[in-house]
Amino acid sequence: MIEQVFFYAALVVMVAGFISVLRVILGPSVPDRVVGVDTLNTIVVAAMILLGAAYDREIYIDIAIVYALLSYVGTLAIARYLQGGLS
Amino acid sequence: MSWVNYLIYAFLAVSLTFNTLGSIALHRFPDVYTRLHGATKCTTFGTIFAVLAVVTHALYRLHVTGDSKYLQMALHSFVALIALLLTNPVGAHAIAKAARLSGYRPAKAVVDAYEEKLGGGKE
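Residue numbers (this note's numbering), protein chains in the order written: chain Y, 184 to 270; chain R, 447 to 569.
Just so you know, the hints here were simulated from the structure itself, not pulled from any lab data.
Warning: the hint list may mix true and false statements.
Unchecked claim - To give a feel for the contact side, a few chain Y residues facing chain R, derived at Cβ under 7 angstroms:
1. M197
2. D215
3. A262
Said to hold, decoys possible - Covered stretches of chain R (in silico footprint by chain Y; criterion: 3 or more residues with CB under 8 angstroms from a CB of chain Y, positions within the stretch not fixed):
4. 456 to 469
5. 478 to 485
6. 488 to 502
7. 532 to 538
8. 549 to 559
Even for Gly, the Cβ is constructed at its ideal location relative to N, Cα and C.
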């Protein structure tokens, strides 16, 4: 019964993720889109943890850890590229 | 049984409120820096409470059933929270500095101290 509550909570978090995808689509400049992607990464990590509690699988939470670290590396690479080259 | 459920409902309510407010803040602010401020703060705070709800659920299940996979679920979600708390402000700082160095000014700023530090008055 409590697992269904976690599932609907993950659904509401995914609706928030779609709202931040709108900023990625219609952002006027490149840093606006990067901010949208960064927000989407945090929301996806929260949704993965809630889904791991909903389906009672702890392997989803391990994937959430790896996704958090990889999205951090991606954000740093995009920011380094924006401020003048990867060299 | 019942008060643990109410505790989990309260944590989930705070988490969903702040995550939704953080994604709405992307559309209600005028420029990059204020959007970054609202979105990063609100989603980090909301994710803290989502992990608190999952940890409460897993520890209660560990107390009831005695299965060790619930202990693993609680510890790993706590590790995910630590990783997110350490990397999220660093990423936001990198985005803000890259946006300022590539020439995007704040929308309604009166004082821009970073431009004087850059050797200013070029723009």
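Evaluated hints:
Against a cut-off of 7 angstroms between C-beta atoms, the interface hint on M197/Y is violated, since the closest Cβ of chain R lies about 10 angstroms away. The criterion of a C-beta within 7 angstroms of any C-beta in chain R is met by D215/Y, whose closest approach is roughly 6 angstroms, and the hint holds. This hint holds: A262/Y has a C-beta 4 angstroms from the nearest C-beta of chain R, less than the 7 angstroms allowed. Under the rule that three or more residues need a Cβ within less than 8 angstroms of chain Y, the assignment of the region 456 to 469 of chain R holds, with 7 such residues.
Interface restraint, the region 478 to 485 of chain R with chain Y: holds (4 residues with C-beta to C-beta distance below 8 angstroms; minimum three). Against chain Y, the region 488 to 502 of chain R contributes 8 residues with a C-beta closer than 8 angstroms to a partner C-beta. That satisfies the three-residue criterion, and the hint holds. With 5 residues bearing a CB less than 8 angstroms from a CB of chain Y, the region 532 to 538 of chain R meets the requirement of three and the coverage assertion stands. Here the region 549 to 559 of chain R counts 1 residues with a CB under 8 angstroms from a CB of chain Y, which misses the bar of 3, and the coverage is violated.
Against the hints set out earlier in the document, violations occur for numbers 1 and 8.
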